[in-house]
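*Asks:* Next come the chains, spelled out residue by residue.
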Amino acid sequence: MERLLLNLKVEKVRVMRMATAVVSDSGERETYLNAGYGIKSWLLTVDHKRIALLYLMSITFFFFIGGFFALLIRLELLTPSGDLVQSDTYNKLFTMHGQVMVFFFLIPAVPAVLGNFLIPLMIGAKDLAFPRINLLSWYLYIVGGILMVYTILNGGVDTGWTFYTPLSTEFLKTNVVSAVVGIFFAGFSSIFTGLNFIVTIHRMRAPGMTWNRLPLFVWAHYATSIIQVLGTPVLAISLVLVGLERLLHLGIFNPSLGGDPLLFQHLFWFYSHPAVYIMILPGMGIISEIVCCFSRKRIFGYTAMTLALLGIAVIGFLVWAHHMFVAGISVYAALIFSLLSYFVAVPSAIKVFNWTATMYKGSITYQTPMLYAFGFIGLFTIGGLTGLFLASLGVDVHVHDTYFIIAHFHYIMVGGMVMAYLGGMHFWWPKISGRMYPEGWGKLAALIVFIGFNLTFFPQFILGYMGMPRRYHSYPPEFQILNVLSTAGATILAVGYLLPMVYFMWSMRYGKPAPANPWNAAGLEWETHSPPPTFNFDEQPVVTWEAYNYDDMGEVPEREESPVAH
Amino acid sequence: MFGHLPFWPESASTNAGNVDALYIFLLLVSGIMTVLIFTVLTAFAVRFRRRKGQRAEQIEGSHHLEITWSIIPFCVMLVFYIWGAVIFFQERTPPRDATEVYTVAKQWMWKFEHEGGQREINELHVPAGRDVKMIMTSQDVIHSFFVPAFRIKQDVVPGRYTTLWFHATKPGTYHLFCSQYCGTEHSGMIGWVVVMEPSEYEAWMSGAGGNQPLAVTGQKLFSELGCVTCHRSDTQGRGPDLAGVFGKPVLLADGRTVTVDENYVRESILEPGAKVVQGFKPVMPTFQGQVSDEQLNALVDYVKSLAAPPSGRPANTNGAAAPQP
Chain A
1 MERLLLNLKV EKVRVMRMAT AVVSDSGERE TYLNAGYGIK SWLLTVDHKR
51 IALLYLMSIT FFFFIGGFFA LLIRLELLTP SGDLVQSDTY NKLFTMHGQV
101 MVFFFLIPAV PAVLGNFLIP LMIGAKDLAF PRINLLSWYL YIVGGILMVY
151 TILNGGVDTG WTFYTPLSTE FLKTNVVSAV VGIFFAGFSS IFTGLNFIVT
201 IHRMRAPGMT WNRLPLFVWA HYATSIIQVL GTPVLAISLV LVGLERLLHL
251 GIFNPSLGGD PLLFQHLFWF YSHPAVYIMI LPGMGIISEI VCCFSRKRIF
301 GYTAMTLALL GIAVIGFLVW AHHMFVAGIS VYAALIFSLL SYFVAVPSAI
351 KVFNWTATMY KGSITYQTPM LYAFGFIGLF TIGGLTGLFL ASLGVDVHVH
401 DTYFIIAHFH YIMVGGMVMA YLGGMHFWWP KISGRMYPEG WGKLAALIVF
451 IGFNLTFFPQ FILGYMGMPR RYHSYPPEFQ ILNVLSTAGA TILAVGYLLP
501 MVYFMWSMRY GKPAPANPWN AAGLEWETHS PPPTFNFDEQ PVVTWEAYNY
551 DDMGEVPERE ESPVAH
Chain B
1 MFGHLPFWPE SASTNAGNVD ALYIFLLLVS GIMTVLIFTV LTAFAVRFRR
51 RKGQRAEQIE GSHHLEITWS IIPFCVMLVF YIWGAVIFFQ ERTPPRDATE
101 VYTVAKQWMW KFEHEGGQRE INELHVPAGR DVKMIMTSQD VIHSFFVPAF
151 RIKQDVVPGR YTTLWFHATK PGTYHLFCSQ YCGTEHSGMI GWVVVMEPSE
201 YEAWMSGAGG NQPLAVTGQK LFSELGCVTC HRSDTQGRGP DLAGVFGKPV
251 LLADGRTVTV DENYVRESIL EPGAKVVQGF KPVMPTFQGQ VSDEQLNALV
301 DYVKSLAAPP SGRPANTNGA AAPQP
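If you read the sequences in order, they're chains A and B. Number 177 in my numbering belongs to position 177 of the first sequence; there are no gaps in the numbering. Number 17 in my numbering belongs to position 17 of the second sequence; there are no gaps in the numbering.
Careful, some of the hints might be misleading.
As the list claims (entries may be wrong) - Here are the computed lysine-lysine pairs in the PhoX-like style, where the Cα-Cα straight-line distance is at most 20 Å:
| no. | chain 1 | residue 1 | chain 2 | residue 2 |
| --- | --- | --- | --- | --- |
| 1 | B | Lys248 | B | Lys133 |
| 2 | B | Lys275 | A | Lys361 |
| 3 | B | Lys133 | B | Lys170 |
| 4 | B | Lys170 | A | Lys173 |
| 5 | A | Lys512 | A | Lys443 |
| 6 | B | Lys248 | B | Lys220 |
It is worth saying that the hints were derived from the structure and are not from the lab. Quantities reported herein were computed from a predicted structural model and do not represent experimental measurements.
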């Protein structure tokens with residue numbers, strides 16, 4: 001009875017707040033978008049929402065550069081002989097595809113765009129804790145990005161995204177130093193973003209927004225930020241050491257100078273394995289929000305889900321040497337790192353099972369974000385299960401450095417993370433732009449991405465077990481059929497990625513104006529206007545309910561078919 | 001076993017069958033898991049789609065369920081772990097009397113030298129039905145020795161030896177790939193492993209023109225480089241007597257104990273001060289830059305040949321050698 005009364009009260013407060021939103025929507029309401037129009041109002045902004053848009057444009061730019069390299073790679077691999085580009089060019093293509101996608105798209109994508117935009121809104125804050133540091137993060141990213149573009153235009157770099165020594169420090173003649181410095185800057189951008197999020201989540205929560213009322217999206221970013229702050233400095237120092245050995249011939253990694261080449265691999269993977277979780281944890285946060293909204297359900301096992309996020313972040317630091325089972329580490333080290341790798345699989349499994357259980361007895365609808373969530377859960381399952389193959393020493397020795405690995409991590413990074421990113425972009429696009437995207441096109445694009453993705457990467461599992469090594473410019477003819485399938489898939493995938501960009505831009509001008517809460521979703525971000533005003537809320541929100549209180553929310557509103565504004 | 005399936009790699013070693021069996025098991029278990037999750041997802045998506053007048057039923061969660069679907073998968077994963085670990089342990093434990101092949105990788109070729117002194121480039125002849133151990137190092141960057149038909153792989157690292165072994169079962173010609181990215185012609189660093197019937201193999205070996213066994217080359221180098229002046233078979237030398245030490249533990253000046261293996265011999269030639277045997281002074285000069293990787297291999301093989309007592313000199317362990325544990 002008491003709970004019912006409380007619910008009624010909450011409902012009343014919320015109705016009142018919605019009412020003010022509707023009234024002011026009719027006038028010339030000031031939003032973060034129309035708060036200033038000059039170039040200065042964007043480049044010197046400290047508004048987390050505008051900085052998120054700056055990031056959105058930058059990472060989209062790099063996504064299409066990285067994607068372009070990927071298409072050239074796939075075109076080259078259409079035939080066994082290396083006939084489209086020369087070997088050095090091919091080596092540069094896969095190197096720059098990896099570096100651009102990992103450091104300039106995947107790592108910043110969800111945190112710096114959606115996290116930046118949404119965390120203050122979700123916790124009921126006016127901005128991040130350090131708005132100027134937030135802007136600095138973007139500028140550091142841009143400095144890194146400019147260096148990366150310089151690297152590309154100046155003839156590229158061909159170290160592989162992993163920079164293995166002594167190849168990178170001694171033997172290659174390409175732009176290693178500018179690439180390393182560029183990634184160094186991007187790394188510091190990532191550190192500052194993480195720092196900002198941690199402080200914000202600790203200090204800026206609205207009254208009543210206790211830790212166990214935080215949306216999982218916020219928890220996911222909290223876990224991610226810990227990795228960014230603790231892991232990225234190790235990457236920074238290893239890249240500095242690569243630069244130093246290259247320029248000054250200090251003997252750090254090169255055995256002919258007295259260095260240890262495996263030391264580099266330990267340092268690199270100490271960051272770059274947890275970096276996998278920097279990429280995937282925010283995606284898990286998105287999927288939790290979407291699954292709850294479109295099932296009209298609270299999350300199944302909130303506590304387990306938060307512990308799983310933190311567990312992945314912590315255990316993720318202890319498994320790095322599973323990238324080195326055949327590198328020449330001791331048998332006993334390999335045995336321990338193999339076992340630890342299985343520990344990190346448990347929290348990942350909990351997440352998949354709990355998302356599925358969340359749908360049980362729900363009231364499910366299939367808008368575009370939910371389609372991406374389905375895609376994510378399916379592809380993440382396959383990516384995760386094939387991770388178990390790789391953690392198993394006997395099988396890893398055979399499939400390590402083959403296309404099996406390529407397929408596995410693309411299932412996590414592209415099938416998981418990019419799916420989640422696109423799902424999140426559709427879910428929050430009405431909030432970000434104030435416009436609805438065309439639902440029919442959205443569903444079509446989601447379907448194309450799903451089909452294209454599987455056609456591209458599933459054959460690579462088979463190629464890998466057959467023994468096709470990665471980073472091969474030419475290959476024996478018995479591998480051709482599967483490579484042709486993969487290339488065909490990649491072209492379909494490209495269409496699937498171009499479509500959303502086109503209709504998102506279209507919708508900014510022609511899309512129907514979005515109401516404050518188009519999905520009838522729970523969460524503070526939906527209680528302010530779409531798009532939000534500069535300081536996010538008209539009045540300080542006070543939270544008296546738990547996350548995902550879909551019992552109070554009703555259904556996802558039905559919409560008429562025409563997406564165009566009248 | 002599955003070699004006749006399309007898109008399945010040939011299997012031509014004892015290890016290949018072991019790895020295939022585990023791989024099939026993993027495929028089965030994860031296949032079942034995938035089907036299960038996809039079925040439940042689909043079932044929920046259909047069964048609980050929105051219907052008029054029906055609201056979602058809020059469920060807090062269930063620790064019992066969560067513990068169940070953590071513990072059961074983890075137990076299954078432990079099976080993956082143990083099975084994989086057993087195979088790996090076998091892969092990494094070369095049998096004692098394996099035929100040894102010294103390998104030097106460089107951008108972008110494989111150089112092999114057999115114990116009989118026969119040399120090959122990008123082609124490796126090995127007998128079927130016998131254990132073969134590869135002792136590998138790189139002259140420049142990291143490479144990786146990968147034979148898909150044997151399901152084995154090992155990075156070849158500059159500045160040290162790494163080893164692997166296999167027991168080929170089926171005569172034939174199999175791909176040898178470099179699987180660690182090593183620069184421009186990485187994808188051209190492909191060779192062949194030719195597995196032959198033992199009799200053919202012997203015939204091939206005798207016709208392959210090895211000038212002299214590797215250990216003999218090593219012995220000559222041993223005197224040419226002056227090693228023999230200090231590493232003498234009496235106890236008067238300034239360095240430890242090397243007879244019989246290979247494969248045995250030695251006590252170092254700093255109190256540690258190391259086993260004399262290929263890497264220790266190599267390190268002691270290139271960096272003599274790193275691990276000095278107890279009772280000796282660090283007076284040996286480095287041979288870094290004076291001996292090639294091939295010459296190092298010969299020296300290592302020579303020291304190794306001193307280990308076998310029947311091969312002439314008695315295994316004379318003086319005060320330098322550690323007491324047996």
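*Asks:* Work down the list of hints and note, for each, if the structure agrees.
*Replies:* Hints, verified against the model:
no., hint, in the structure
1, Lys248/B - Lys133/B, "19 Å, holds"
2, Lys275/B - Lys361/A, "68 Å, violated"
3, Lys133/B - Lys170/B, "17 Å, holds"
4, Lys170/B - Lys173/A, "43 Å, violated"
5, Lys512/A - Lys443/A, "17 Å, holds"
6, Lys248/B - Lys220/B, "24 Å, violated"
Against the hints set out earlier in the document, violations occur for numbers 2, 4 and 6.
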